[in-house]
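Asker: Protein chains in written order, with this note's numbering: chain A, 1 to 154; chain B, 155 to 419; chain C, 420 to 549.
Source of the hints: derived by calculation from the structure; they are not laboratory data. Think of the CB as a built atom: it goes at the ideal place given N, C-alpha and C, for glycine as much as any other residue. Possibly wrong hints are sitting among the right ones.
[Said to hold, decoys possible] Only some residues are given here: those of chain B computed to face chain C with a beta carbon under 10 angstroms:
id : residue
1  : P311
2  : N352
3  : N353
[To be verified] Lysine-lysine pairs mimicking PhoX-like chemistry, simulated, CA-CA at most 20 angstroms apart:
id : chain 1 : residue 1 : chain 2 : residue 2
4  : C       : K545      : B       : K207
5  : C       : K543      : B       : K207
6  : C       : K545      : A       : K109
7  : C       : K455      : A       : K84
8  : B       : K189      : B       : K156
9  : A       : K16       : C       : K455
10 : B       : K156      : B       : K328
11 : C       : K453      : A       : K8
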Amino acid sequence: MNPLESKKTYQDYVDKKSPNSKILKNCFNAFWVGGLICTIGQVILNICKERGFDTQTSGTIVSILLIGISAFLTGLNLFNKIGKFAGAGSLIPITGFANSVVSPAMEYKSEGYVMGVGGKMFTVAGPVLVFGISASILVGIIFLIFNTQSVTLV
Amino acid sequence: MKKLGKQTIKFDNPPTILECGSIVGPKEAQGPLAKYFDQTLEDEFWGEKSWEKAESKIIKETTNMVIAKSGISSQDIDCVFAGDLLNQCISSSFGLREINIPFFGVFGACSTFVESLCLGSIATESFANHVLCATSSHFCSAEKQFRFPLELGNQRPPSSQWTVTGSGAAILSKDGNGPYITHITPGKIVDMGIKDANNMGAAMAPAFADTLITHFTDTGRSPNYYDAIISGDLGYIGKDIAIDIAKSKGYNIKSNYNDCRSSYF
Amino acid sequence: MNINWANVFEISSLLKCFLVGGIICIIGQILIDKTKLTPARILVIFVTTGAVLGGLGIYQYLVDFAGAGATVPLTGFGYNLAKGAIEAVKETGLVGAFTGGVKAAAGGIAAAIFFGYIAALISKPKMKKQ
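Chain A extracted, bound-state conformation (with noise of 0.2 angstroms):
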């Protein structure tokens, strides 16, 4: 068996050699950790309806407080280590959004308060903002095309 016969033979070669994660402990820790972190947010969600905020307001301060409280575990070098543990279950959710923010702006902070952390921010997040808000603006021109009759131009 030569697995180097050509390109194809030895990728599968590899694929076959390489171990694999443990799959199912990972998806376990991932479906508790992300559940809780949401279950986090219904309840803060649950006190905003209680105090009369209406529903956009409510999902809006659940993003800011979930954001700020990763911010902050990222800040304190705690972050990464509940990510290696749940995976998924801390990407996933908006504080895996946030992470992604702060992590690349804390590494480069040897250079400078300007072009390091700010200028950094973005490098793993910044796709996430282009794919979505350029989403968001071809749904709004799509419904608008499919929407013509009830809704005026300008």
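Given the coordinates of chain A, assemble chains B and C onto it according to the supplied hints.
Answerer: Coordinates of chains B and C only, in the frame set by chain A:
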């Protein structure tokens, strides 16, 4: 010196490795090779304000230490071959700013140290009496440049590499009593299309195997001529793959082959 | 401060939230373990999917069912962007397509920038443990 076979160079006057030394970081100091390092560090900063400055300090101190150990004055060293992983090899070039020795910067990624030994040996057969070879790497500066910020909460798969924090240096001498560098076999770049940045061992193993087997063919030797065959940076997956590839070409290296990375941590 | 704590900790809403949020994270974990996608790419896939499903009106059902379990994951961020764009288009036409998304996500983006800068100022990067 003369060429043997396809790629190997045999030295008529083999250079001696006069002295060598290394300084490593705290994680490496906990590994099985701990007692062989000249100095180990308490943390990855060593008093500096950035990872890159720390790495420069490590290579500077390592080269100074090796020169002191050798008893040779730095003015008697004819040139230095040094390199590292960072852009423009700034770790070596900034770290060795004050060494006042003609400087050849080299880049060979994980093969940099052996590359500098190869070029240094060729230099001793031409113009040099003494040559300094050095290299360095730093986990944090490598992650910053090539992968992700340290504080990012991502999971690393089991095959991912862990860059060594440390520096190694050696002085080659035209005359001496050994250990000698008798042959060098510069290797070709072999790209089998592995794109996974988390599985560098698999990406590098084919090149290692190709160079090793070419060496055997050029010199007419077999694996058991050697007491030990050592690779630098394949890791335990790359090591297994290298053994398999060599076996498929008819060379059994299993009994005397080992890899530094799988021994480091 | 008259908060009805029984409403805040209403079990069935918290349970639905926990389950849906957890399941969305499991999907992300499968992508992490079974594919070679980097974290940034996975986040992009989630936010774009949320925007598309939000635009189609499908994600709304998940939000009505699970609340924060659907809005806290990054798919919810995408849904929020898309919903904002649609609302703004209804009010101001074409311009709304450009303003609506960013307006809806304004709080989150501003918080990420502001808290991010402060956290970076007061922190010190440390070596990763294995």
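Asker: Each hint should be assessed against the structure and marked as holding or not.
Answerer: How the hints compare with the structure:
{"no.": "1", "hint": "P311", "verdict": "8 angstroms, holds"}
{"no.": "2", "hint": "N352", "verdict": "7 angstroms, holds"}
{"no.": "3", "hint": "N353", "verdict": "9 angstroms, holds"}
{"no.": "4", "hint": "C:K545 - B:K207", "verdict": "15 angstroms, holds"}
{"no.": "5", "hint": "C:K543 - B:K207", "verdict": "16 angstroms, holds"}
{"no.": "6", "hint": "C:K545 - A:K109", "verdict": "12 angstroms, holds"}
{"no.": "7", "hint": "C:K455 - A:K84", "verdict": "17 angstroms, holds"}
{"no.": "8", "hint": "B:K189 - B:K156", "verdict": "38 angstroms, violated"}
{"no.": "9", "hint": "A:K16 - C:K455", "verdict": "15 angstroms, holds"}
{"no.": "10", "hint": "B:K156 - B:K328", "verdict": "17 angstroms, holds"}
{"no.": "11", "hint": "C:K453 - A:K8", "verdict": "19 angstroms, holds"}
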